[in-house]
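*Asks:* The residues making up each chain are set out below.
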Amino acid sequence: MSTAREYSATGMAVRTAAILFVFVIIFTALLSAAYLWTKPAIEASATEEKMKLIDEVLPRRDYDNALLDDTLDLPATPELGLSEASTLYRARLAGQPLALVFEAVAPDGYSGKIRLVLAIRADGQISGVRVIQHKETPGLGDYVEVKKDKNKARPWITQFQSMSLAEVTDKDWKVKKDGGRIDYYAGATVTPRAISKAVLKAVKWAEANRNQLFVPGGAAQ
Amino acid sequence: MISRDEFKTIAGNGIWKQNTSIAQILGLCPLLATTTNAVNGIMLSLATILVMALSGFAIASLRNLIPHEIRIPVFILIVAALVTVVDLLFNANLHELYLVLGIFIPLIVTNCIVLARVEAFAAKNPPIQSTFDGIFMGFGMLWTLALLGAMRELLGAGTVFGGIDMVFPNLHPIQLLPESYPGFLLALLPPGAFILLGCMIAWKNWMDARAAERTRLKPPAPVAVAGTH
Numbered sequence: 001m002s003t004a005r006e007y008s009a010t011g012m013a014v015r016t017a018a019i020l021f022v023f024v025i026i027f028t029a030l031l032s033a034a035y036l037w038t039k040p041a042i043e044a045s046a047t048e049e050k051m052k053l054i055d056e057v058l059p060r061r062d063y064d065n066a067l068l069d070d071t072l073d074l075p076a077t078p079e080l081g082l083s084e085a086s087t088l089y090r091a092r093l094a095g096q097p098l099a100l101v102f103e104a105v106a107p108d109g110y111s112g113k114i115r116l117v118l119a120i121r122a123d124g125q126i127s128g129v130r131v132i133q134h135k136e137t138p139g140l141g142d143y144v145e146v147k148k149d150k151n152k153a154r155p156w157i158t159q160f161q162s163m164s165l166a167e168v169t170d171k172d173w174k175v176k177k178d179g180g181r182i183d184y185y186a187g188a189t190v191t192p193r194a195i196s197k198a199v200l201k202a203v204k205w206a207e208a209n210r211n212q213l214f215v216p217g218g219a220a221q
Numbered sequence: 001m002i003s004r005d006e007f008k009t010i011a012g013n014g015i016w017k018q019n020t021s022i023a024q025i026l027g028l029c030p031l032l033a034t035t036t037n038a039v040n041g042i043m044l045s046l047a048t049i050l051v052m053a054l055s056g057f058a059i060a061s062l063r064n065l066i067p068h069e070i071r072i073p074v075f076i077l078i079v080a081a082l083v084t085v086v087d088l089l090f091n092a093n094l095h096e097l098y099l100v101l102g103i104f105i106p107l108i109v110t111n112c113i114v115l116a117r118v119e120a121f122a123a124k125n126p127p128i129q130s131t132f133d134g135i136f137m138g139f140g141m142l143w144t145l146a147l148l149g150a151m152r153e154l155l156g157a158g159t160v161f162g163g164i165d166m167v168f169p170n171l172h173p174i175q176l177l178p179e180s181y182p183g184f185l186l187a188l189l190p191p192g193a194f195i196l197l198g199c200m201i202a203w204k205n206w207m208d209a210r211a212a213e214r215t216r217l218k219p220p221a222p223v224a225v226a227g228t229h
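As they're listed, the protein sequences go chains A and B. All letters in the first sequence, in the order written, are residues 1 to 221 by my numbering. All letters in the second sequence, in the order written, are residues 1 to 229 by my numbering.
No lab work stands behind these hints: they were computed from the structure. A couple of the hints might just be wrong.
[To be verified] To give an idea of the interface, some chain A residues facing chain B are shown, with a C-beta separation under 8 Å as derived from the structure:
| id | residue |
| --- | --- |
| 1 | T16 |
| 2 | I19 |
| 3 | L20 |
| 4 | V24 |
| 5 | F27 |
| 6 | L30 |
| 7 | A34 |
| 8 | Y35 |
| 9 | T38 |
| 10 | A41 |
| 11 | I42 |
| 12 | S45 |
Being a predicted model, the structure only gives us computed values, none of them experimental. Ideal placement from N, C-alpha and C gives every residue a C-beta, glycine not left out.
Start from the sequences and build out the full structure, keeping to the hints where you can.
*Replies:* Here it is as structure tokens:
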């Protein structure tokens with residue numbers, strides 16, 4: 001190729017730069033096209049992921065609104081251990097508030113923060129709790145995650161289900177080792193203790209703010 | 001298009017002679033990070049095979065248009081763009097597979113194996129040969145990483161194929177050593193990967209030396225009779 005014509009130094013530089021430019025344009029265009037083309041499908045699967053997580057704490061048949069569109073923006077809430085803004089989802093049945101789905105953080109896990117997702121029903125009962133992120137010791141403290149729990153029939157985290165402030169006193173809302181009623185596996189008490197505390201705080205927070213949180217109304221917010 | 005001999009040479013180079021991990025010693029960073037079990041090693045290799053085949057083909061096709069002086073930036077541009085497109089397409093159309101393989105794809109963008117093969121092979125050879133080169137280099141990486149990963153988890157935790165349930169939900173890791181095996185943390189940490197990789201390199205060199213010795217000692221009778229030399 002290069003034998004065909006001799007270029008001056010400047011000509012060579014310009015030619016090289018032009019070729020590089022053309023490549024950049026072509027491949028950037030390719031990237032943009034791929035991005036735009038795949039965007040709807042990627043967003044749909046991200047929504048599906050989110051719904052899958054919510055389904056674990058609140059059965060889809062219990063509510064009839066578009067949960068993901070009925071949101072409330074929460075500022076950083078120390079009561080929930082949240083140092084950043086987050087989103088709360090409101091489930092309704094026939095327009096009436098049915099449950100809230102939101103995130104909480106247990107700051108005092110054995111190795112750092114444990115992120116939780118909770119669903120609390122309008123009557124104050126917990127519909128479900130799941131751990132969504134943690135750094136607890138593999139094989140020791142990670143049973144709080146349903147997938148890692150050896151007790152498949154009744155994973156540890158499910159015992160929070162249908163607990164409520166009305167039924168369980170603060171004293172009982174602790175792991176058995178601390179005099180409460182919550183089970184734990186020997187050898188890892190710090191993790192369940194942190195989660196129990198965070199769940200209790202979250203339930204109290206929802207109760208204290210119930211007038212703002214459980215308001216009737218449609219999806220038009 | 002591609003002759004039998006060419007194919008054989010490319011396959012032999014990729015799988016054994018110029019094996020990326022134990023002969024060229026390339027891409028050690030993802031190797032150390034992912035071979036804590038065999039499944040991760042295999043997944044990373046599968047993603048690499050895909051990317052190497054694509055980038056080999058693309059660059060071999062464009063090789064006559066790329067000026068020599070700016071080939072490296074252009075290669076990086078092409079590889080990075082292709083990997084990103086593959087990443088997006090996977091995420092959109094094969095979401096289940098993406099959840100398993102997805103975290104490995106961005107790891108490959110800057111993997112030196114890809115750039116090394118593109119520079120050493122695809123820039124000088126036709127598209128079909130380059131595609132096969134990418135595939136077989138990836139296969140070489142696949143068996144090496146699978147073996148290294150299996151050794152590390154066997155020594156480290158007493159199991160093999162840990163994490164297989166992430167790929168096939170109804171399969172379970174195989175417990176090879178008794179449950180009471182205390183575990184050997186060093187094997188799971190990066191130094192353990194280096195030590196075992198060193199052993200594998202030594203093993204390859206020993207095999208090669210033995211093969212060379214054998215050909216040297218063997219009387220070259222058949223060749224002499226045929227009189228081809």
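*Asks:* Hint by hint, where does the structure go against what was stated? Just the numbers, ascending.
*Replies:* none
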